[in-house]
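Residues per chain are reported as follows:
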Amino acid sequence: MHTDSRPQQGLSKPSSPERGSETGYEHLPVTKVPGWHGIIAWDALLNGMATGLFLAAAISELAAPAVFLRVAKVAYPVALVLLLVDLGLLVLDLGDPLRFHHMLRVFKPSSPMSLGTWCLTIFSLPLTVAAGLSLLAEFGWDFEWARLGAVVVGLLPGFASAAYKGVLLSTNAQPGWKDARWLGSYLTNSAILMGCGELLVLSALMGQTQATGILRTGFNVLLVVNVIPLGLLFMNLRPAHALLYTREQQWRVGAIIAAGALIPLGVVLLKGGLMFILVAVIVLLVESWFVRFVYVKIPHTSPLGK
Amino acid sequence: MASREMELSGLHQSSDPPRGPLAELVKRLIYPFLRGEAPKPRTPTGFYTDTTVCIGCKACEVACKQWNQLPSDGFNFSGNSYDNTNELSATTWRHVKFIEQFADESSGQIALPGTESNESLLNRWLMMSDNCKHCVASPCHQACPTGAIVQNEFQNIYIQADICNGCSCCIAACPFGVITRSDMGGHSHKCTLCYDRQRDGLEPACAKACPTQSIHFGPVEELREQARKRVEELHQRGVPQAYLYGDVASETYSEMHSFYLLVDRPSVYGLPDAPFNPWLHMMGDYVRSVTGGLAGIAVLLAVVFLLKP
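Read top to bottom, the protein sequences are chains A and B.
Just so we're aligned, residue 171 is where the first sequence starts under the working numbering, counting upward by one.
Just so we're aligned, residue 138 is where the second sequence starts under the working numbering, counting upward by one.
Derived by calculation from the structure, the hints in this document are not laboratory data.
Bear in mind the structure is a predicted one, so any value in this text is a computation, not a measurement.
Please note: incorrect hints may appear among the correct ones.
Interface residues of chain B toward chain A, partial, derived using beta-carbon atoms under 10 angstroms [said to hold, decoys possible]:
(1) D220
(2) T283
(3) S305
Pairs of lysine-lysine residues, derived as DSBU-like cross-links and limited to a Cα-Cα distance of at most 30 angstroms, are as follows [unchecked claim]:
(4) K278/A x K366/B
(5) K177/B x K278/A
(6) K366/B x K345/B
(7) K278/A x K467/A
(8) K445/B x K441/A
(9) K243/A x K441/A
(10) K177/B x K345/B
(11) K243/A x K445/B
(12) K164/B x K177/B
Ideal Cβ placement from N, Cα and C applies to all residues, glycine included.
Please build the complete structure, drawing on both the sequences and the hints.
Following this line, the structure appears as structure tokens:
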């Protein structure tokens with residue numbers, strides 16, 4: 171992961187001594203690939219899972235406290251754990267992880283990474299308070315007003331933490347990535363969808379039937395809505411994919427992603443119990459990871475026919 | 138160089154304050170936040186590289202390596218003409234490119250310059266000493282989240298190696314593939330336009346070493362004037378294809394403080410034909426990102442309000 175940035179592999183192929191007749195630079199890639207591989211796909215997934223779970227729990231709790239209070243109090247600590255794992259991955263991905271705090275030297279809105287780092291840092295504070303007070307409430311120390319205050323304060327930085335990731339991965343010069351105008355829209359919408367799914371699993375595990383019923387409907391509608399930015403994103407990426415994959419491979423990827431969206435929808439529509447919900451959400455998470463992985467892989471993939 | 142330098146820097150200096158793990162930790166934490174006084178702006182400087190007089194001697198590459206104490210990259214046979222350097226990297230800040238444009242010997246076609254419309258039959262060498270373009274609105278500078286990449290007092294793009302944490306945003310952002318992350322230390326490096334030499338009133342090592350004055354260094358405005366005169370001269374001398382690359386801003390990219398005189402398409406030299414600053418998309422991408430999230434929240438809220446008891 172932390173090796174030297176290699177020459178760009180995407181959309182063109184470097185020469186080799188065996189192909190000595192192919193001299194010059196026209197066939198060579200111009201840009202270089204940053205060392206962002208699998209860790210970034212996991213980071214994009216965990217970022218969405220953590221921020222989405224917090225946002226879904228906060229919105230549901232604030233809109234219908236009587237129904238969602240108990241499940242929200244469990245959701246915040248889970249979101250905190252997911253966020254901490256995500257932050258760990260972000261630190262590990264640096265060339266010099268011991269210099270992670272250098273990110274906080276400056277605040278630069280022109281840099282999505284800077285904006286994202288500040289949003290994540292700010293978001294982690296109210297999330298920690300909300301999670302901590304939710305746990306304390308279980309032991310009888312109930313500071314409800316402070317907990318609710320932390321939840322409200324966390325809404326904006328939580329949303330911004332979900333929204334920056336797609337812009338970070340589309341505002342650059344990398345082939346394929348630079349054309350992904352709808353990536354941010356997909357990732358942010360997907361974060362809310364995953365958060366709703368996670369909250370649904372928690373409410374089903376806790377036997378919260380009212381909350382489960384409402385979230386089941388919300389999950390279904392969000393699954394359908396999420397297809398729109400996903401479709402637009404794939405339209406953006408079609409030229410890049412056409413260079414990288416055979417038609418058969420493209421169909422295979424499309425079929426996996428379509429199945430990842432349709433299976434959860436069908437399973438949840440069956441109105442089964444906990445197992446059905448678990449299967450639906452796990453399939454959704456796998457599909458979400460797959461979409462991110464396919465995207466992150468684009469500049470690292472060798473093209474066809476060259 | 139680096140291993141020797143690291144070895145030396147690890148030695149205890151008599152002037153060093155007493156060190157301990159706690160003091161070291163505090164120093165590491167506080168150091169990046171300390172700010173010195175910003176130097177006063179000076180006349181913007183840059184490079185103008187006239188590729189028509191480059192002879193491919195690689196003196197610039199050697200001078201750059203020597204002055205900046207950059208390690209050797211080893212010998213790699215590329216099979217691409219005389220170019221075994223291959224690319225700019227964290228340890229190679231100057232790269233001489235060789236382009237052979239000769240008629241296929243078997244076809245027996247020989248063409249003279251200016252008499253053949255097909256560029257591939259010109260029977261010529263193109264050579265170009267490439268380096269960081271020191272763009273005025275540089276994507277790497279905009280992307281850097283640590284503030285390690287700055288525009289110094291000469292309006293050159295400079296990476297502060299003691300601040301960079303190797304996040305690689307600059308690598309992803311650069312449309313010219315200039316910056317890479319080093320295996321040693323994990324930080325990004327590139328041409329500094331010999332900032333240290335400039336501060337002492339010296340010209341950069343590569344320009345100093347160039348035996349044909351292909352690499353010109355000086356105030357950018359003067360260089361532009363000089364370059365335009367050279368293009369006119371070449372046009373009059375029967376090289377109508379001569380033009381400047383990066384001397385003025387385009388609709389999608391700013392001017393560069395290191396610009397080139399070329400006689401073929403930019404892509405022939407391994408440069409993007411129409412460089413694009415990714416930041417032109419940023420606001421739109423944010424709007425779409427926020428819209429996607431708000432749509433999800435609106436759906437969830439609507440369902441909760443409609444179905445709650």
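Starting from the hint list further up, note which numbers the structure goes against and sort them upward.
Number 4 - this is the single hint that the structure violates.
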